Amino acid sequence: MKSHKSEKFDDLVLQLVTRSAGDSLVALFEEFKNNSYRLGNQVKLLEKLLPYNVKDSVMEIVKRGSGEKMTTYIKNRPILEITMAFAPQFCFLDNIASKLYKELGYAVLLAVKVDPELIGGCSLCYKAFYRDYSIRERLNQLN
Amino acid sequence: MIDFTIITIPALVSSLILYIVAIAREEKTASALEKIQEHAENRGKKKLEEKAEELAERQFSKLLKEVSAKLKTVAVSSVTQNFDLVSKDIIKEKENLLIKAREEVAVYKKEKVAEINKAVQKAVFEVVSNTLRTEISHEADEKYILSCLEKFLHEIPQK
Numbered sequence: 247m248k249s250h251k252s253e254k255f256d257d258l259v260l261q262l263v264t265r266s267a268g269d270s271l272v273a274l275f276e277e278f279k280n281n282s283y284r285l286g287n288q289v290k291l292l293e294k295l296l297p298y299n300v301k302d303s304v305m306e307i308v309k310r311g312s313g314e315k316m317t318t319y320i321k322n323r324p325i326l327e328i329t330m331a332f333a334p335q336f337c338f339l340d341n342i343a344s345k346l347y348k349e350l351g352y353a354v355l356l357a358v359k360v361d362p363e364l365i366g367g368c369s370l371c372y373k374a375f376y377r378d379y380s381i382r383e384r385l386n387q388l389n
Numbered sequence: 004m005i006d007f008t009i010i011t012i013p014a015l016v017s018s019l020i021l022y023i024v025a026i027a028r029e030e031k032t033a034s035a036l037e038k039i040q041e042h043a044e045n046r047g048k049k050k051l052e053e054k055a056e057e058l059a060e061r062q063f064s065k066l067l068k069e070v071s072a073k074l075k076t077v078a079v080s081s082v083t084q085n086f087d088l089v090s091k092d093i094i095k096e097k098e099n100l101l102i103k104a105r106e107e108v109a110v111y112k113k114e115k116v117a118e119i120n121k122a123v124q125k126a127v128f129e130v131v132s133n134t135l136r137t138e139i140s141h142e143a144d145e146k147y148i149l150s151c152l153e154k155f156l157h158e159i160p161q162k
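Read top to bottom, the protein sequences are chains L and P.
Numbering (this note's numbering) for the first sequence: 247 to 389.
Numbering (this note's numbering) for the second sequence: 4 to 162.
Calculated from the structure, these hints are not laboratory results.
Incorrect hints may have been included.
In silico DSSO-like links for lysine-lysine, alpha-carbon gap of 30 Å or less [stated by the list, open to error]:
1. L:Lys345 to P:Lys154
2. L:Lys359 to P:Lys65
3. L:Lys348 to P:Lys154
4. P:Lys75 to P:Lys103
5. P:Lys146 to L:Lys345
6. P:Lys65 to P:Lys50
7. P:Lys49 to L:Lys373
8. L:Lys348 to P:Lys146
9. P:Lys125 to L:Lys359
10. L:Lys321 to L:Lys359
11. P:Lys154 to L:Lys359
12. P:Lys121 to L:Lys359
13. P:Lys65 to L:Lys373
14. L:Lys321 to P:Lys154
15. L:Lys359 to L:Lys345
These numbers were taken from a predicted model, which means no experiment stands behind them.
Make a model of the complete structure from these sequences and hints.
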């Protein structure tokens, strides 16, 4: 059974979707925290800098005083590396992240790579478990 | 009466003379004979020596011929033997070279065939991949990726 806080954080992670977005948020929060002593209206500044899709969630967490826990949670998220032949749209990545959450029961961040050599399909790597489902691999197997 | 003295003395004298002459002749003859004998001996010796020399020479040349003939045989057989050995070596070397050459040709053939196959595969791969790149739509690819993800999640050993 997941705790209420974890669920809140998972919602945030699901909004972040990618590892780069997670890293950016953690970096921004660290920067905000480190410089807070010389920034007057730091909460407003943070709100200004946050991406629009996660702004509300993050601000709620920060106001609740769980910012530190949030960054730790984001840092510890498992990563699914996905390589595709084309640059995906955000909604498609969001679809993948939701599917993963549904199947695994916890939020996972995506490390997205683009390699046109794959032709189509994708290669996936999760906790050192790797599978290549690309069209290139299928063609190689035919050879 | 016949004066025998008159007859005897001259006869005696003449006989004496004759005797002396005969002796002288005899002496002369003897020395001449001696000389002749010596000469003959010398000549005979010389001739014998010559003959012996000739004979020795003949013998020597005969011996020389025999020896040279023997030497020739030995030399020829030795050369033949050596030639046989050398020819055996050459044949062996030739066989080794042939084996090596055949092996190299086989390897070369294999490499060439592999190279050609690779080039053909590459060309086919290129054509097929280019066709697929243009034919596969993003929507179809996204659907395929989602099905791959499902497969992947089922294959993960421990979730």
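For this session: Assess, step by step, whether the Cα of lysine 65 (chain P) is no farther than 30 Å from the Cα of lysine 373 (chain L), and give holds or violated.
Result: With Cα atoms ~105 Å apart, lysine 65 (chain P) and lysine 373 (chain L) exceed 30 Å; violated.
Exercise. Keeping to a limit of 30 Å between CA atoms, is the pair of lysine 321 (chain L) and lysine 359 (chain L) held or broken?
Worked result: holds (20 Å)
Exercise. Under the criterion that the straight-line Cα-Cα distance not exceed 30 Å, is the pair lysine 49 (chain P), lysine 373 (chain L) satisfied?
Worked result: The hint is violated at about 125 Å.
Problem set entry | Given hint lysine 154 (chain P) paired with lysine 345 (chain L) - CA-CA distance at most 30 Å | Holds: lysine 345 (chain L) and lysine 154 (chain P) sit about 12 Å apart, inside 30 Å.
Exercise. Are lysine 146 (chain P) and lysine 345 (chain L) close enough, with their CA atoms no more than 30 Å apart?
Worked result: OK: lysine 146 (chain P) and lysine 345 (chain L) at ~13 Å, within 30 Å.
Exercise. Do the alpha carbons of lysine 348 (chain L) and lysine 146 (chain P) lie within 30 Å of each other, as the hint requires?
Worked result: holds (17 Å)
Exercise. Under the criterion that the straight-line Cα-Cα distance not exceed 30 Å, is the pair lysine 321 (chain L), lysine 154 (chain P) satisfied?
Worked result: Cα-Cα ~27 Å, so holds.
Problem set entry | 30 Å limit on alpha-carbon distance, applied to hinted pair lysine 75 (chain P) and lysine 103 (chain P) | Between lysine 75 (chain P) and lysine 103 (chain P) the Cα gap is close to 41 Å, so the pair fails against 30 Å, i.e. violated.
Exercise. Within a Cα-Cα threshold of 30 Å, do lysine 121 (chain P) and lysine 359 (chain L) meet the stated pairing?
Worked result: Holds, because 29 Å separates the two Cα atoms, which is no more than 30 Å.
For this session: Could you grab the alpha-carbon distance between lysine 65 (chain P) and lysine 50 (chain P) and see if it respects the 30 Å cut-off?
Result: Judged against 30 Å, a Cα distance of about 22 Å means the pair holds.
Exercise. Given the proposed pairing of lysine 125 (chain P) with lysine 359 (chain L), does the C-alpha separation stay at or below 30 Å?
Worked result: Given pair lysine 125 (chain P), lysine 359 (chain L) holds - Cα atoms ~25 Å apart, limit 30 Å.
Exercise. Would the pair lysine 359 (chain L) and lysine 345 (chain L) pass a check requiring their Cα atoms to be no farther apart than 30 Å?
Worked result: The given pair, whose Cα atoms are some 19 Å apart, holds under the 30 Å limit.
In the structure shown, a violation is registered for the earlier hints numbered 2, 4, 7, 13, in ascending order.
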